[in-house]
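Asks: Sequence:
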Amino acid sequence: MSVRRARIMASDAFGALIVMIASVLIGVIVVALLSDEPAAAVDAMLLGPFDGRYQIGSMLARATPFVFTGAALALSFRVGVFNLGAEGQLYLGAAAGTAVAIEFDLGGPVTIVVACLAGAAAGAAWAAVPGALRAYAGANEIVMTLMLNFVAILFVGWLLSGPLADPERLGFPQSETIPVDRRLPRLLDPSNLHLGFVIACVGCLLLHLALTRTTWGLGLRLSGENPEFATYVGLRPRRSMLVGMLCSGAAAGLGGIVHILGDQLRLLDGFSASYGFIGILIALLVRNNLLLVPLAAVFYSWVISGAQVMEETTDVPREVVSVVQGVLFLLVTATALTAFFRRRAAVPVEAPETSQPAGVA
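According to the numbering used here, the sequence shown is numbered sequentially starting from 29.
These aren't lab readings, by the way, just hints derived from the structure by calculation. Keep in mind it's a predicted model, so treat the numbers as computed, not measured. We treat Cβ as the ideally placed atom computed from N, Cα and C, and that holds for glycine. A hint or two may mislead.
Computed beta-carbon distance windows for the label pairs [what the hints assert, rightly or not]: (1) Ala60 / Ser39: 44 to 50 Å; (2) Pro191 / Glu340: 51 to 57 Å; (3) Val56 / Ser189: 43 to 49 Å; (4) Tyr82 / Val208: 19 to 25 Å; (5) Phe132 / Leu62: 48 to 54 Å; (6) Asp209 / Ala238: 20 to 26 Å.
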């Protein structure tokens, strides 16, 4: 095997491609077995999301929050912290940004920018709590971030029943509608694709360049991969953990308000379809490669959109997509475990010292 071919097979893109193809093939087999018209059902699932501007735009719009949460999780994993609280950070970012967009009229574009900054700041602030406790008190950030998700979701629910409630909500917990001049521009009419998708993709590129092409990013990655060596060369791994968690929370919070300003147009109770947890799958699928996060997010959105088209046009229910999701989780987990054991096997084991027998020179 040539060196070039070996590098391609070991790349993040190749591994993600194999997992995607395998999961889709299994989904196709299940659909073909369940449907009375397997050819039409498979065609609807695979090609339905590309049937016109509306379907393509809707697929990309659905992928937008996945890009933000996938980038947030990939970033945290790269710097050695396990931020599983992207769902709660997404909620608080959406709430803070919505409050700014409704209450302040600074001029359309300025209000949008300030609302996005408020959303990112809220997400970062919520992530700072487990980040600081992990860095300086040794607390388990996995448990803390998971539990704080529920606190954030319930807090946003309370806001929608009180301070942020729409006076004309008619019993539904929701905010007022975002004014037209404070919404993100649409890109592909008549779909709901908006500028947030471009912002998410550009953000992934900038984060990738920051982590791989700057001394700041090198310090973060080194602190996450080898804290002892980082301390030896004069870095501060604890501060890097906190900074990584802050950046991760900011990305998730920004995703929340971008979703509101571009798609939902008002804050709703339970607006997230587990975007934060899907981000974990997206990040692991591409092995935390920020450049590949948008592609993985679009793939996942394609699977969901195809299931919706299939349900509307054939006799196969959209619950079949759960099979593809389950296979994805299993394959991603298997790939991660395989990589882990390979790294463990690559670590040289020192041979035990043996004493020489008496009389041997």
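Asks: Which of the numbered hints are not met once you compare them with the structure shown?
Replies: 1, 2 and 6
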